[in-house]
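Could you slot chain B with the ligands onto chain A? The hints should help.
Chains as they are written, first to last, in our numbering: chain A, 1 to 411; chain B, 1 to 157.
One should not assume that every hint holds.
Within a straight-line C-alpha distance of at most 20 Å, the following computed PhoX-like cross-link-like pairs (lysine-lysine) qualify [said to hold, decoys possible]:
(1) A/24 to A/34
(2) A/25 to A/11
(3) B/37 to B/157
(4) A/247 to B/143
(5) A/247 to A/11
(6) B/95 to A/318
To spell it out: a stretch of chain A is covered by chain B in this simulated footprint if at least three of its residues, at any positions, have a beta carbon under 8 Å from a beta carbon of chain B; those stretches are [as the list claims (entries may be wrong)]:
(7) 150–157
(8) 313–325
A short, non-exhaustive set of chain A residues, derived as facing chain B with CB atoms under 7 Å [stated by the list, open to error]:
(9) 126
(10) 181
(11) 221
(12) 222
(13) 247
Since the hints were derived computationally from the structure, they do not count as laboratory data.
Where a beta carbon is used, it is the ideal one built from N, C-alpha and C, also for glycine.
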Amino acid sequence: MKTHLENSIIKTERTGPVLFSPYKKGEAIKKTVKQKREDILFEIKDSGLKGRGGAGFPTSTKWMLTAAAKADKKFIVCNADEGEPGTFKDRVLLMEYPQLVFEGMVICGYTIGAQTGIVYLRAEYEYLLEQLENYLANMRENNFLGEGILGTDFSFDISIRLGSGAYVCGEETALIESLEGHRGEPRNRPPFPVNTGYMGYPTSVNNVETLAAVPHIITKGGSWFKKFGTDRSTGSKLFSVSGDCEKPGVYELPWGTSINELLELVGARNTKAVQVGGASGICIPKSQFDRKLGYEDIPTGGSVIIFNESRNMLHVLKNFMEFFVEESCGQCTPCRIGNIKLLEGVEMIERGEFTFKYINTLKELGKTMQVASKCGLGQSSPNSFLSILENFKDEIFHTTVINGYNGKAGK
Amino acid sequence: MLVVEKNALSEEIEGYVNKYGKDRSSLMPVLQAIQRKHSYINDFAQQEVARLLDIHPVEVFSVISFYSFLHSKPTGRNIVRLCRTISCDMANKSKIVQAIERELGIKFGETTKDNRITLEFTNCIGMCDQGPAMIVNDRVYTKLDPEKAVNILNEIK
Ligand SMILES: Cc1cc2nc3c(=O)[nH]c(=O)nc-3n(C[C@H](O)[C@H](O)[C@H](O)COP(=O)(O)O)c2cc1C
Ligand code: SF4
Ligand code: FES
Numbered sequence: 001m002k003t004h005l006e007n008s009i010i011k012t013e014r015t016g017p018v019l020f021s022p023y024k025k026g027e028a029i030k031k032t033v034k035q036k037r038e039d040i041l042f043e044i045k046d047s048g049l050k051g052r053g054g055a056g057f058p059t060s061t062k063w064m065l066t067a068a069a070k071a072d073k074k075f076i077v078c079n080a081d082e083g084e085p086g087t088f089k090d091r092v093l094l095m096e097y098p099q100l101v102f103e104g105m106v107i108c109g110y111t112i113g114a115q116t117g118i119v120y121l122r123a124e125y126e127y128l129l130e131q132l133e134n135y136l137a138n139m140r141e142n143n144f145l146g147e148g149i150l151g152t153d154f155s156f157d158i159s160i161r162l163g164s165g166a167y168v169c170g171e172e173t174a175l176i177e178s179l180e181g182h183r184g185e186p187r188n189r190p191p192f193p194v195n196t197g198y199m200g201y202p203t204s205v206n207n208v209e210t211l212a213a214v215p216h217i218i219t220k221g222g223s224w225f226k227k228f229g230t231d232r233s234t235g236s237k238l239f240s241v242s243g244d245c246e247k248p249g250v251y252e253l254p255w256g257t258s259i260n261e262l263l264e265l266v267g268a269r270n271t272k273a274v275q276v277g278g279a280s281g282i283c284i285p286k287s288q289f290d291r292k293l294g295y296e297d298i299p300t301g302g303s304v305i306i307f308n309e310s311r312n313m314l315h316v317l318k319n320f321m322e323f324f325v326e327e328s329c330g331q332c333t334p335c336r337i338g339n340i341k342l343l344e345g346v347e348m349i350e351r352g353e354f355t356f357k358y359i360n361t362l363k364e365l366g367k368t369m370q371v372a373s374k375c376g377l378g379q380s381s382p383n384s385f386l387s388i389l390e391n392f393k394d395e396i397f398h399t400t401v402i403n404g405y406n407g408k409a410g411k
Numbered sequence: 001m002l003v004v005e006k007n008a009l010s011e012e013i014e015g016y017v018n019k020y021g022k023d024r025s026s027l028m029p030v031l032q033a034i035q036r037k038h039s040y041i042n043d044f045a046q047q048e049v050a051r052l053l054d055i056h057p058v059e060v061f062s063v064i065s066f067y068s069f070l071h072s073k074p075t076g077r078n079i080v081r082l083c084r085t086i087s088c089d090m091a092n093k094s095k096i097v098q099a100i101e102r103e104l105g106i107k108f109g110e111t112t113k114d115n116r117i118t119l120e121f122t123n124c125i126g127m128c129d130q131g132p133a134m135i136v137n138d139r140v141y142t143k144l145d146p147e148k149a150v151n152i153l154n155e156i157k
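With the rest of the complex left out, here is chain A (with noise of 0.2 Å):
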């Protein structure tokens, strides 16, 4: 069954150089299964690829560290709990290209040693359980799946798992404390999942599109892959655009782009600011827009929020501040007190009863929130904040100082 939902770019009008050019449902696992596991891993090190899940961390270098692991059972999650606002692009992955990602996941297996594969859905996607659950089943006729796949003695199975609605449980160790049926606060790190990941075994946690771009490198070559996007930035990435444009939805562009060529692409104009990276990202304000996106200058797991002249940016502030509170796990104090802090701070500006001062203090918190928090979800939380105040203080201070909030546009 095909969920009710339709995508606001049409498979058929889709094209990009990686994710979205042709590919044909098993080659990739077909061809696994002939290889050595260093062959599979000299590939994906060769193409450069990197964890699409915001992070970065060489997809290679993650799967030799599982690899090199020594224990009797092995894991791979797919993390498919997409969560940080604005981020829609797994979510097109999983209903309208499952094959790359599950085939993915196996090949992982194959790679790591691994016999288990989790996809860890995030509960607001439970629509796609059915339509995915049936694909895995039509994997297991085809002996992609399941005892010996493809007449070898590789054994491998995926299973999924539903979250039940916490953007913390995206975080890598928060998920896998969620798995093993506990609250989803984030672990110590080290030790890292590599070595001591799901109910103490080893387990390589990536992304959605990391995975679906590993059986498109294992058919055509680490090589080709490279040949897109920049040194340091190899291949695709998928933008997920909202926001004040005509065409917002799924983009596949090589690296390097720049923001004013995706603002062209997707029709943006009277673009005042672009929020890269979701509510812990930062915002780009039009002066800047010749940046490019990709790790050299600023990195990103997809999310592109346009805002044009007509909005409030202090109002956007607001609405990050707001989602960090209520996703905070509450575990460590900087995030729990400090995000409270920084949305009292936002509201304090908005109804004109502030100091300089205490907003001077506020940012020194925000930057002492950066380096204390236990996680990733309070070390990026003030981005917004800081940059926001950085780059619009003329409109937030001067309107809100002079005028008074009226709740409505800030121009």
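Just chain B with the ligands now, kept in the frame of chain A:
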């Protein structure tokens, strides 16, 4: 709860535990199954889960309280979750809020008197290109306008 109801619930939970396994890692799937059927996980169900998985009831409660999709108190038969995050906000989410609240006569965070609908806000549900968006139980609705949103809610049982 009546004794027969308790017995039926115990039996049901035993069924889930047999299906998902008697390990701690089955806790979430078991709780999700109970939640799906009863729309919340009552005290007795929590005790039964704890007994069958051999963990402390407080552990079960602490897990339920962590996740926004799990409830330990009764909710309406249908849960409506409207996205409050920025892209939907910019797509006029507040108009939808006004229309729904007016139509149902309750605020977000509340349940209708006839127990038909609970209104909640949720964070980004991955439909940002088609906002405003909401989830009703497990079905997603996109590109809402006030009339469309209200009609959807008036149709559910
Ligand atoms: C608060 C928080 C939320 C995260 N959410 C996700 C997510 O939804 N999906 C994801 O793939 N990675 C997410 N990550 C990153 C993961 O911790 C991890 O780095 C990633 O799954 C690794 O896969 P990759 O190397 O393929 O990118 C999140 C990190 C943090 C700190
Ligand atoms: S930084 Fe925030 S989300 Fe992360 S562990 Fe601390 S309180 Fe929890
Ligand atoms: S912002 Fe509403 S679905 Fe993403």
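Results for each hint:
1. A/24 to A/34: At roughly 17 Å apart (the allowed maximum being 20 Å), residue 34 of chain A and residue 24 of chain A satisfy the hint.
2. A/25 to A/11: Answer holds: residue 25 of chain A to residue 11 of chain A is near 16 Å, not above 20 Å.
3. B/37 to B/157: Holds. Residue 37 of chain B to residue 157 of chain B sits at ~15 Å (cutoff 20 Å).
4. A/247 to B/143: Roughly 14 Å between the alpha carbons, so the hint for residue 247 of chain A and residue 143 of chain B holds.
5. A/247 to A/11: Roughly 15 Å between the alpha carbons, so the hint for residue 247 of chain A and residue 11 of chain A holds.
6. B/95 to A/318: holds, 19 Å
7. 150–157: violated (count 0)
8. 313–325: Answer holds; 5 residues pass the 8 Å Cβ test.
9. 126: At about 4 Å, which falls below the 7 Å cut-off, the nearest Cβ of chain B leaves the hint on residue 126 of chain A intact, so it holds.
10. 181: holds, 3 Å
11. 221: With Cβ-Cβ at 32 Å, over 7 Å, it is violated.
12. 222: violated, 30 Å
13. 247: violated, 9 Å
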